[in-house]
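Novice: Protein sequence lines correspond, in order, to chains A and B. In this text, residue positions in the first sequence follow the numbering used here: the first is 1, and each later residue adds one. In this text, residue positions in the second sequence follow the numbering used here: the first is 1001, and each later residue adds one.
Incorrect hints may have been included.
Using 20 Å as the maximum straight-line C-alpha spacing, the simulated EDC-like pairs for lysine to aspartate or glutamate come out as follows [to be verified]:
1) K159/A x D29/A
2) K135/A x E97/A
3) K117/A x E1060/B
4) K1007/B x D33/A
5) K35/A x E1085/B
6) K137/A x E97/A
7) K1084/B x E102/A
8) K1007/B x E102/A
9) K109/A x E1097/B
10) K109/A x E1085/B
11) K83/A x E97/A
12) K109/A x D1076/B
13) K137/A x E1002/B
14) K1070/B x D118/A
15) K130/A x E102/A
16) K129/A x E106/A
17) K1070/B x D127/A
18) K129/A x D1076/B
19) K1070/B x E106/A
20) K1070/B x D119/A
Keep in mind the hints are simulated off the structure, nothing from the lab.
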Amino acid sequence: MEPKELDLEKVEKAKEIISELEVDFTERDLIQDNKKPFIIDGKSYRCRMPSQLELNQANQAKKKKYMQLLQDSDTLSKKKLKKLIKEKFDVDIDQLELELNEVRNELQKLYLNTALKDDNDESLKEDEKKAEEIKLKFINLHATIGEYLEPCLEEQLRKYHREYLAYLCTEKHIKNDKWEQVWKSFEDFEKENGKLVYKALDSLETLLLNIYE
Amino acid sequence: MEEQIRKLARSSYWQSLYRNSKNLNLSLFFNNNNFSGIQVLFLYWLKIYDLLYQELADQEWNNLNENVIKNNFRCDAFLYYRQKEIEKKIRKNKQEEKKLGRKNKGNLTNYPIYKGPKGKGNS
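Here chain A stands alone, though its shape is the one from the complex (with noise of 0.2 Å):
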């Protein structure tokens, strides 16, 4: 019996799907559920979404502690830290955001020189790789300059703010069905320092990807 001749539709069609099974499963799991599990010590935890309920909770909390950072002496604004920042170590922050701003231009001009290449050119290569390169400048560029604008005031709440929702949304599993949320107070959560709380901050992180921002 002679083999059969492949089809070759049906061939990119199966490696087609392979590849779609090759995606990590919890990243499946993540995009279909608004919940993120996580298992520490053997106990199974997770972080849901945020009601509206517990996001009015969170934006009441904010402004607790916004009112409490202005009185506090040690606080500045994003404004006077730049200047501080430029005083003391000579670094021009909104000099960085303007390289930020060319750094994100140069990836744009190699978009438009990109698109208009048919797919035997071998320059795309390259260009795929200085697009890698450039995007790699612009974290660096950014970590940089979050780094340096970490003890301002916004970014004090905005840490606060997630903090909270960590604390309202993170829930640790009783049995069957039934959840329970790990923290009874912001105090507990606070006082908390171990693997459990990292893992509730960055699960929540995932979980938002700054929809609240």
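Since chain A is already given, all that's left is putting chain B on it; use the hints.
Specialist: This is chain B only, laid out in the frame that chain A set:
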């Protein structure tokens, strides 16, 4: 993570589900509200790839093909190029509308003819 999300969003399974969800009222997620940032991002890419596949089928762009859609870098480049081209077209249309507007001002037949106050017997 975004790479994986895009891979799923452009897959024939999810594209088919997305297109049919609109007509058949199918739910794409376990939750019907309170969508996570990841789900919002996934919906965004579902929509973008749906649009790109439609434009590919309509042959709207000479520089769009399957290889461009499947390569994240080339896809990003094409999306930026497409945005700029559309902005150019909108600006050009606005300029042409302005020119037509100026031309029509010189044409008296486009002005309504005043026939006097109503009920005063003017024809």
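Novice: Hint by hint, say whether it matches the structure.
Specialist: Results of checking the hints against the structure:
1. K159/A x D29/A: 27 Å, violated
2. K135/A x E97/A: 15 Å, holds
3. K117/A x E1060/B: This hinted pair holds, its Cα atoms lying about 17 Å apart.
4. K1007/B x D33/A: 18 Å, holds
5. K35/A x E1085/B: Violated - the C-alpha atoms of E1085/B and K35/A are around 39 Å apart, more than 20 Å.
6. K137/A x E97/A: 13 Å, holds
7. K1084/B x E102/A: 18 Å, holds
8. K1007/B x E102/A: 30 Å, violated
9. K109/A x E1097/B: 30 Å, violated
10. K109/A x E1085/B: Holds - the C-alpha atoms of E1085/B and K109/A are around 14 Å apart, at most 20 Å.
11. K83/A x E97/A: 14 Å, holds
12. K109/A x D1076/B: Given that 20 Å is the threshold and the Cα spacing comes to 12 Å, the pair holds.
13. K137/A x E1002/B: Given that 20 Å is the threshold and the Cα spacing comes to 19 Å, the pair holds.
14. K1070/B x D118/A: Holds, at roughly 14 Å.
15. K130/A x E102/A: Measuring from Cα to Cα gives roughly 15 Å; hence the hint holds.
16. K129/A x E106/A: Answer holds: K129/A to E106/A is near 14 Å, not above 20 Å.
17. K1070/B x D127/A: 16 Å, holds
18. K129/A x D1076/B: Judged against 20 Å, a Cα distance of about 14 Å means the pair holds.
19. K1070/B x E106/A: 23 Å, violated
20. K1070/B x D119/A: Since the Cα atoms of K1070/B and D119/A sit roughly 12 Å apart, the hinted pair holds (cutoff 20 Å).
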